[in-house]
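**Q** Turn these sequences into a full structure, and let the hints steer you where they fit.
Number of protein chains: 2
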Amino acid sequence: MMSLAAARWNAAIEPGGEASLEVVMVYELYYWPGIQGRGEFVRLALEEGGAKYIDIALEPDGGIPAMNKFLEGPRVPRPPFAPPFLKAGKQLIGQTANILLFLGGPLKLAPRDEAGKLWVHQLQLTVADLVVEAHDTHHPIAVGLYYKDQKAAAKRRAEDFRDNRIPKFFAYFEKVLTRNRTSGPWLAGPRLTYADLSLAQTIAGIRYAFPKASSKALRKHPRLLKLHDAVFERPRIRRYLESGRRLAFNNDDLFRNYPELDG
Amino acid sequence: MMSLAAARWNAAIEPGGEASLEVVMVYELYYWPGIQGRGEFVRLALEEGGAKYIDIALEPDGGIPAMNKFLEGPRVPRPPFAPPFLKAGKQLIGQTANILLFLGGPLKLAPRDEAGKLWVHQLQLTVADLVVEAHDTHHPIAVGLYYKDQKAAAKRRAEDFRDNRIPKFFAYFEKVLTRNRTSGPWLAGPRLTYADLSLAQTIAGIRYAFPKASSKALRKHPRLLKLHDAVFERPRIRRYLESGRRLAFNNDDLFRNYPELDG
Numbered sequence: 001m002m003s004l005a006a007a008r009w010n011a012a013i014e015p016g017g018e019a020s021l022e023v024v025m026v027y028e029l030y031y032w033p034g035i036q037g038r039g040e041f042v043r044l045a046l047e048e049g050g051a052k053y054i055d056i057a058l059e060p061d062g063g064i065p066a067m068n069k070f071l072e073g074p075r076v077p078r079p080p081f082a083p084p085f086l087k088a089g090k091q092l093i094g095q096t097a098n099i100l101l102f103l104g105g106p107l108k109l110a111p112r113d114e115a116g117k118l119w120v121h122q123l124q125l126t127v128a129d130l131v132v133e134a135h136d137t138h139h140p141i142a143v144g145l146y147y148k149d150q151k152a153a154a155k156r157r158a159e160d161f162r163d164n165r166i167p168k169f170f171a172y173f174e175k176v177l178t179r180n181r182t183s184g185p186w187l188a189g190p191r192l193t194y195a196d197l198s199l200a201q202t203i204a205g206i207r208y209a210f211p212k213a214s215s216k217a218l219r220k221h222p223r224l225l226k227l228h229d230a231v232f233e234r235p236r237i238r239r240y241l242e243s244g245r246r247l248a249f250n251n252d253d254l255f256r257n258y259p260e261l262d263g
Numbered sequence: 001m002m003s004l005a006a007a008r009w010n011a012a013i014e015p016g017g018e019a020s021l022e023v024v025m026v027y028e029l030y031y032w033p034g035i036q037g038r039g040e041f042v043r044l045a046l047e048e049g050g051a052k053y054i055d056i057a058l059e060p061d062g063g064i065p066a067m068n069k070f071l072e073g074p075r076v077p078r079p080p081f082a083p084p085f086l087k088a089g090k091q092l093i094g095q096t097a098n099i100l101l102f103l104g105g106p107l108k109l110a111p112r113d114e115a116g117k118l119w120v121h122q123l124q125l126t127v128a129d130l131v132v133e134a135h136d137t138h139h140p141i142a143v144g145l146y147y148k149d150q151k152a153a154a155k156r157r158a159e160d161f162r163d164n165r166i167p168k169f170f171a172y173f174e175k176v177l178t179r180n181r182t183s184g185p186w187l188a189g190p191r192l193t194y195a196d197l198s199l200a201q202t203i204a205g206i207r208y209a210f211p212k213a214s215s216k217a218l219r220k221h222p223r224l225l226k227l228h229d230a231v232f233e234r235p236r237i238r239r240y241l242e243s244g245r246r247l248a249f250n251n252d253d254l255f256r257n258y259p260e261l262d263g
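Sequence lines, in order, name chains A and B. Positions 1 to 263 (full-length UniProt numbering) are the ones given, in order, by the first sequence. Positions 1 to 263 (full-length UniProt numbering) are the ones given, in order, by the second sequence.
Rather than coming from a laboratory, the hints here were simulated on the basis of the structure. All figures in this text were calculated on a predicted structure; none of them were measured in a lab. Incorrect hints may appear among the rest.
Same chains, same label: a pair holds when it works inside one copy or across any pair of copies.
Stated by the list, open to error - Simulated pairs of lysine-lysine, DSS-like, Cα-Cα distance not exceeding 30 Å:
id, residue 1, residue 2
1, LYS108, LYS212
2, LYS69, LYS220
3, LYS108, LYS90
4, LYS226, LYS216
5, LYS220, LYS168
6, LYS175, LYS90
7, LYS168, LYS216
8, LYS155, LYS117
**A** In structure tokens, the structure reads:
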């Protein structure tokens with residue numbers, strides 16, 4: 001699989017033309033087909049960073065056999081626990097926030113100083129906490145059970161998420177945006193970082209899942225809405241959205257729209 | 001608070017002796033008093049790394065006013081979302097895994113090469129996922145509610161945790177230990193890293209919370225038990241455990257022993 005994908009990319013290089021070409025890293029992203037999920041946080045970074053990448057989920061077989069080779073293969077020296085994971089040359093990197101930590105430098109989506117890098121990663125990990133909580137509103141008991149088999153618990157967990165957790169996380173990120181003294185809509189310093197992309201994606205997901213609760217919360221936090229809009233108006237992000245490659249939010253995904261959970 | 005704590009440390013320096021002293025970073029750890037919680041992952045790294053640090057939770061007032069200054073103060077430029085957070089000089093670092101990423105270099109608890117650093121961080125984030133799931137067994141509905149008010153849901157979630165999630169995570173980490181071709185009990189390469197400390201602490205916590213289920217699972221995963229024992233036999237970790245500063249596991253904490261959740 002790996003060599004197939006690599007070969008496909010290499011085929012775009014004209015014979016004999018290699019010597020004049022810049023060496024470009026072609027990343028390979030491994031994630032489930034059919035959903036945005038956590039893979040989407042990586043995709044947005046790859047797209048905004050103008051990276052060359054192969055999205056293995058778009059392979060005819062959904063990329064699942066290729067993915068499973070790394071998850072279950074007996075000789076992978078540093079096996080990931082779960083997708084998404086990224087292949088960069090011989091390096092295999094798992095955990096969404098860790099992939100973004102890795103990509104931040106080469107894709108220019110993170111500050112260059114060490115303290116700035118850590119601050120952006122800290123924000124990313126806080127976004128990740130919010131994402132887990134958003135997911136667990138529809139799966140509070142077990143990921144292996146259907147939603148319909150944990151609906152009563154989901155209703156209670158969603159109520160707490162709407163009443164306490166969305167307000168707490170949104171107020172926090174609004175505060176971070178307020179404290180950033182540089183002009184512009186971003187969380188950290190004057191330039192967009194991967195944490196901005198992830199927060200915008202999370203806001204979009206929560207708006208899909210909880211249209212009523214999120215609308216109420218966003219009215220109180222105008223900077224969050226501004227950040228969301230600024231991300232989705234970026235030329236490269238718009239191009240990605242218009243490409244047809246971005247999947248729509250759906251109810252097999254991380255963020256799910258069950259009206260009964262929106263109060 | 002900050003200057004008080006710093007002053008206390010400085011008071012240990014003899015007058016006139018400053019010039020001959022090595023400049024040592026004195027870290028300040030901010031976390032809730034009375035529990036190990038997520039602060040303990042940082043404490044174990046600081047202890048094993050031989051760091052000088054002030055544990056603000058040990059202040060007479062539990063350190064809560066000092067902690068709140070950073071969480072709620074109106075002029076903190078990079079406010080943390082929640083404890084634990086670490087102060088290193090003027091730098092404030094939040095999110096447990098991010099703090100360990102920061103400490104890995106200076107405390108020599110991470111590999112020196114970039115790929116190795118990312119691998120250890122990836123493992124740490126996977127440990128963090130397990131910790132969230134262990135916590136949510138007793139709080140599946142809302143952190144703001146008492147256990148007794150979510151007991152039925154807790155019972156169901158704990159059953160899934162025992163039957164599916166403990167086996168999945170333990171099998172994964174056992175696999176990582178098997179794939180590490182260097183001699184020694186550690187996850188990544190030949191030397192102990194912060195991920196080993198965190199995994200050992202998580203195993204200890206799960207043994208406290210689920211003595212029956214974890215005993216069954218650990219019998220199948222001998223390398224995990226060996227790693228756990230090797231960590232808690234380290235001279236500096238033993239000294240910390242014997243110091244009286246390490247709190248006992250308890251039922252206000254992350255890992256809780258409710259026999260009805262152990263099947």
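**Q** Taking the hints in turn, state whether each one holds.
**A** Results for each hint:
Proximity of LYS108 and LYS212 under a CA criterion of 30 Å is satisfied in neither setting, with 36 Å inside one chain copy and 49 Å between copies. For the identical chains of this complex, LYS69 and LYS220 are inter-copy neighbours only, at 24 Å across copies versus 47 Å inside a copy, given an alpha-carbon limit of 30 Å. Both within a single protomer and between protomers do LYS108 and LYS90 lie at most 30 Å apart by alpha-carbon distance, with minima of 21 Å and 26 Å respectively. Proximity of LYS226 and LYS216 under a CA criterion of 30 Å is satisfied intra-copy only: 15 Å inside one chain copy versus 52 Å between copies.
With identical chains, the CA atoms of LYS220 and LYS168 are at most 30 Å apart within one copy only, with a shortest distance of 12 Å there and 41 Å across copies. Taking CA atoms no more than 30 Å apart as the test, LYS175 paired with LYS90 passes between copies only; the shortest distance there is 20 Å, against 40 Å inside one copy. Taking the shortest Cα distances, LYS168 and LYS216 sit within 30 Å of each other inside one copy (13 Å), while across copies they are farther apart (39 Å). Within a single copy, LYS155 and LYS117 get their C-alpha atoms no closer than 38 Å, and across copies no closer than 41 Å, so neither meets the 30 Å cut-off.
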